[in-house]
Amino acid sequence: MRKTGGLQLSRERLNRRVRELKPSGIRRFFELIIGRDDVISLGVGEPDFPVPWRIREEMIYSLEKGITSYTSNYGLLELREAIADYYRRFGAEFSEENVLITTGVSEGIDLALRAVVNPGETVIVPEPVYVSYSPLAYLTGAEVVNVSTCPGFKVTYEDLVKYKDRNVKVLMLNYPNNPTGVSYTKKELEELADAVLELDCLVISDEIYAELSYSFKHVSIASLNGMEDRTIILNGFSKGFAMTGMRVGYAIAPYDILEGMVKIHQYSMLCAPVTAQVGALEALRNGEDELEMMRAEYIRRRNFFIKRLREMFDVVMPDGAFYAFPDVSSTGLSGMEFAERLLMEKNVAVVPGDAFGECGANHVRCAYAVSMEKLRLAVDRMKEFVESL
Amino acid sequence: MSREIEILKILENNSRISSNEIAEMLNMDVREVEEIIKKYEDDGVILKYKTLINWEKAGVEEVYAIIDVRVNLSREKGYDDIAKRIAKFPEVHAVRLVSGEYDFQVVVKGKSLKDISFFIAEKISTIPEVRDTNTHFLLRTYKEEGALLFEDEEDRRLAIVP
Numbered sequence: 001m002r003k004t005g006g007l008q009l010s011r012e013r014l015n016r017r018v019r020e021l022k023p024s025g026i027r028r029f030f031e032l033i034i035g036r037d038d039v040i041s042l043g044v045g046e047p048d049f050p051v052p053w054r055i056r057e058e059m060i061y062s063l064e065k066g067i068t069s070y071t072s073n074y075g076l077l078e079l080r081e082a083i084a085d086y087y088r089r090f091g092a093e094f095s096e097e098n099v100l101i102t103t104g105v106s107e108g109i110d111l112a113l114r115a116v117v118n119p120g121e122t123v124i125v126p127e128p129v130y131v132s133y134s135p136l137a138y139l140t141g142a143e144v145v146n147v148s149t150c151p152g153f154k155v156t157y158e159d160l161v162k163y164k165d166r167n168v169k170v171l172m173l174n175y176p177n178n179p180t181g182v183s184y185t186k187k188e189l190e191e192l193a194d195a196v197l198e199l200d201c202l203v204i205s206d207e208i209y210a211e212l213s214y215s216f217k218h219v220s221i222a223s224l225n226g227m228e229d230r231t232i233i234l235n236g237f238s239k240g241f242a243m244t245g246m247r248v249g250y251a252i253a254p255y256d257i258l259e260g261m262v263k264i265h266q267y268s269m270l271c272a273p274v275t276a277q278v279g280a281l282e283a284l285r286n287g288e289d290e291l292e293m294m295r296a297e298y299i300r301r302r303n304f305f306i307k308r309l310r311e312m313f314d315v316v317m318p319d320g321a322f323y324a325f326p327d328v329s330s331t332g333l334s335g336m337e338f339a340e341r342l343l344m345e346k347n348v349a350v351v352p353g354d355a356f357g358e359c360g361a362n363h364v365r366c367a368y369a370v371s372m373e374k375l376r377l378a379v380d381r382m383k384e385f386v387e388s389l
Numbered sequence: 001m002s003r004e005i006e007i008l009k010i011l012e013n014n015s016r017i018s019s020n021e022i023a024e025m026l027n028m029d030v031r032e033v034e035e036i037i038k039k040y041e042d043d044g045v046i047l048k049y050k051t052l053i054n055w056e057k058a059g060v061e062e063v064y065a066i067i068d069v070r071v072n073l074s075r076e077k078g079y080d081d082i083a084k085r086i087a088k089f090p091e092v093h094a095v096r097l098v099s100g101e102y103d104f105q106v107v108v109k110g111k112s113l114k115d116i117s118f119f120i121a122e123k124i125s126t127i128p129e130v131r132d133t134n135t136h137f138l139l140r141t142y143k144e145e146g147a148l149l150f151e152d153e154e155d156r157r158l159a160i161v162p
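Those sequence lines, one after another, are chains U and Z. FYI, my numbering numbers position 240 of the first sequence as 240, with every residue one higher than the one before it. FYI, my numbering numbers position 147 of the second sequence as 147, with every residue one higher than the one before it.
It is worth saying that the hints were derived from the structure and are not from the lab. Don't take every hint at face value.
Simulated pairs of lysine to aspartate or glutamate, EDC-like, Cα-Cα distance not exceeding 16 Å [claimed, not checked]:
(1) U/Lys307 x Z/Glu24
(2) U/Lys346 x U/Asp380
(3) U/Lys374 x Z/Asp155
(4) U/Lys383 x U/Asp314
(5) Z/Lys9 x U/Glu290
(6) Z/Lys50 x Z/Glu12
Note that the structure is a prediction, hence the values are computed from the model and not measured.
Construct all of the structure, not just a fragment, from the sequences and the given hints.
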């Protein structure tokens with residue numbers, strides 16, 4: 001990098017909160033992995049299936065037809081209608097006026113938090129959880145409270161109502177969960193909804209893995225009585241339809257909150273890429289068979305993988321997504337030590353659990369979004385490694 | 001999807017997979033899996049365990065031809081009779097009754113173009129009920145039994161994604 005020799009700014013260049021943000025816990029791990037050949041990676045949180053061909057074909061065709069312009073800030077109307085219709089399967093009744101197309105769920109998280117949180121208000125983030133919630137909440141000026149859900153990984157009514165006096169504005173939920181794979185039944189969600197009413201707060205419900213729910217049918221918390229006016233649902237096409245690189249997601253929210261989100265969206269992202277939106281529409285219209293095929297394959301891999309992992313570790317059965325989060329403390333190693341040594345000695349990459357919150361420190365995240373052949377080989381190598389300790 | 005159908009789908013995709021592994025994938029007892037497979041074998045649902053080979057890649061030359069066959073039916077000889085007669089030749093890979101201009105689609109495998117030409121001229125065309133044939137030699141196969149026979153996209157995912 002070229003070092004500039006200009007006049008120094010007399011005060012800090014970076015925003016205070018940006019300065020104080022901790023870098024991702026797995027940065028060092030990234031460096032270890034670079035340059036190593038033949039690594040079997042269980043570290044990839046993305047489907048190993050390519051975007052289904054019929055979706056790609058539709059995107060190619062749209063480019064040939066010259067569909068390359070901006071869309072409305074809200075996104076393509078047909079897509080918003082299709083999403084409102086599609087979400088009824090998860091129990092939520094909304095119209096297209098409640099739907100905003102975002103550039104992946106990542107943008108949706110940022111928009112939702114910025115639209116509703118004032119500096120000083122509290123955002124509750126149950127851990128272990130996807131890495132971006134706490135930093136994005138922190139950047140809004142919020143007080144972030146991380147609530148440990150170890151060892152069962154499910155946040156409860158009792159865990160939440162403790163914070164009744166903390167000016168809680170938002171509860172962040174993610175189910176099925178990355179990195180643990182656990183999800184909530186309707187009854188469990190009803191208890192959480194009671195806690196939300198007691199805290200008098202909103203819920204940002206990241207349901208990106210809703211399609212990949214195996215143990216029971218996914219229910220959106222927004223569908224529970226009274227919650228439709230307190231919930232911002234986030235979902236997208238990256239996981240269920242294997243469209244990670246397309247960056248297309250959506251938010252479903254009460255109209256006033258959605259309007260707030262659109263204000264930020266129109267000044268920053270403007271609209272999601274039109275080609276990706278066209279692909280997303282095709283996914284909803286004709287992608288059901290492919291989705292079902294991928295889902296069935298993930299279930300088979302989960303069953304196989306968890307059975308093998310349980311010969312070595314304590315593992316909570318994942319209800320959905322494509323992650324297992326074994327507790328490796330029986331080996332005498334921390335999650336980080338385990339991940340590092342497994343990589344160096346057996347060429348298998350897993351993600352140290354503390355990347356997803358402190359309470360995950362004794363765990364590692366293994367993504368079973370790899371072929372059965374690779375999964376078998378990876379778990380055999382893990383076993384050899386554990387036996388060598 | 002029932003467990004029985006799931007077993008068939010797994011086997012269709014990988015006939016070498018062990019019953020043990022199927023049992024693990026479907027959360028079933030190994031013996032139960034074996035019993036289901038045995039029953040399907042006995043009932044003729046599982047016809048045979050086959051390996052799909054890209055012979056061109058293996059350097060072995062094989063020639064295939066698709067022959068459209070039009071036939072004359074009579075009181076004595078219906079489609080089934082003629083099809084069964086054609087199907088019995090070892091050179092014949094597949095026989096299908098199809099709609100359209102022709103009645104049968106016959107796939108023939110041989111060592112050379114000459115081989116196949118002789119076979120059609122001497123064995124198929126001379127069947128009294130065969131009215132005419134139209135032969136397409138197969139130049140290259142891109143997809144067979146649902147499997148792509150060309151290099152598809154590589155896995156471009158990063159090794160670690162949070």
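Which numbered conditions among the earlier hints are violated in the structure presented, ordered from lowest to highest? none
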